[in-house]
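Peer 1: Sequence:
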Amino acid sequence: MALKAFKSLAATTVMVLGCAAGTTAQAADDLTLQLKWVTQGQFAGYYVAKDKGFYEEEDLNVTIKPGGPDIAPPQVIAGGGADVIIDWMPSALASREKGVPLVNIAQPFKKSGMMLTCLKETGIKSPDDFKGKTLGVWFFGNEYPFLSWMSQLGIPTDGSAEGVKVLKQGFNV
Numbered sequence: 000m001a002l003k004a005f006k007s008l009a010a011t012t013v014m015v016l017g018c019a020a021g022t023t024a025q026a027a028d029d030l031t032l033q034l035k036w037v038t039q040g041q042f043a044g045y046y047v048a049k050d051k052g053f054y055e056e057e058d059l060n061v062t063i064k065p066g067g068p069d070i071a072p073p074q075v076i077a078g079g080g081a082d083v084i085i086d087w088m089p090s091a092l093a094s095r096e097k098g099v100p101l102v103n104i105a106q107p108f109k110k111s112g113m114m115l116t117c118l119k120e121t122g123i124k125s126p127d128d129f130k131g132k133t134l135g136v137w138f139f140g141n142e143y144p145f146l147s148w149m150s151q152l153g154i155p156t157d158g159s160a161e162g163v164k165v166l167k168q169g170f171n172v
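Numbering (numbering that gives the first Met the number 0), first residue to last: 0 to 172.
Hints are not guaranteed to be accurate.
[Unchecked claim] Quick list of the computed label-pair ranges, beta carbon to beta carbon:
hint, residue 1, residue 2, range
1, I104, A160, 41 to 51 Å
2, K167, L92, 31 to 41 Å
3, P65, G169, 13 to 23 Å
4, S125, I104, 31 to 41 Å
5, L152, D58, 46 to 56 Å
In short, the hints are calculated from the structure, not lab data. All residues carry an ideal CB built from backbone N, CA and C; glycine is no exception.
Start from the sequences and build out the full structure, keeping to the hints where you can.
Peer 2: Here is the structure:
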């Protein structure tokens, strides 16, 4: 099953990057891919495709740039530092609202990977138990799904007794 998913990711990557570079490549076209985060498992398909020569087969000379806590892919592409970026849809939409002319060329995930966790002894079993609590959230685009969810639940994020206090969580968790 994992091999099938990997092959699907690699094939999608080649297709997406091939579309981004154009369909009539003569010589190898240079293409820079900016990752959302540091090199880790979620980006394995891009690196394996490069190592296996999939990009070369499509006449693409791909450079993969790792991301990090101080790297905002929409700013990188807007500044000309990348041709294709990896970003979460809510972050990309927020960037478009600010005038960055992004185009969605692929959406490999069917649902958000957002997860909330807490220690068992907190007694939190559902969102109804959030009121008056402090919740840590990763920012840099990751906060948008959380804030949208809180809004849908009618839970204020203003730190009030009826709402929650939002703590800008570090990426070292």
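Peer 1: Look at each hint and say if it fits the structure.
Peer 2: Hint-by-hint comparison with the structure:
no.	hint	result
1	I104 x A160: 41 to 51 Å	holds (45 Å)
2	K167 x L92: 31 to 41 Å	violated (20 Å)
3	P65 x G169: 13 to 23 Å	holds (18 Å)
4	S125 x I104: 31 to 41 Å	holds (37 Å)
5	L152 x D58: 46 to 56 Å	holds (49 Å)
Going down the numbered hints, you'll see the structure goes against just number 2.
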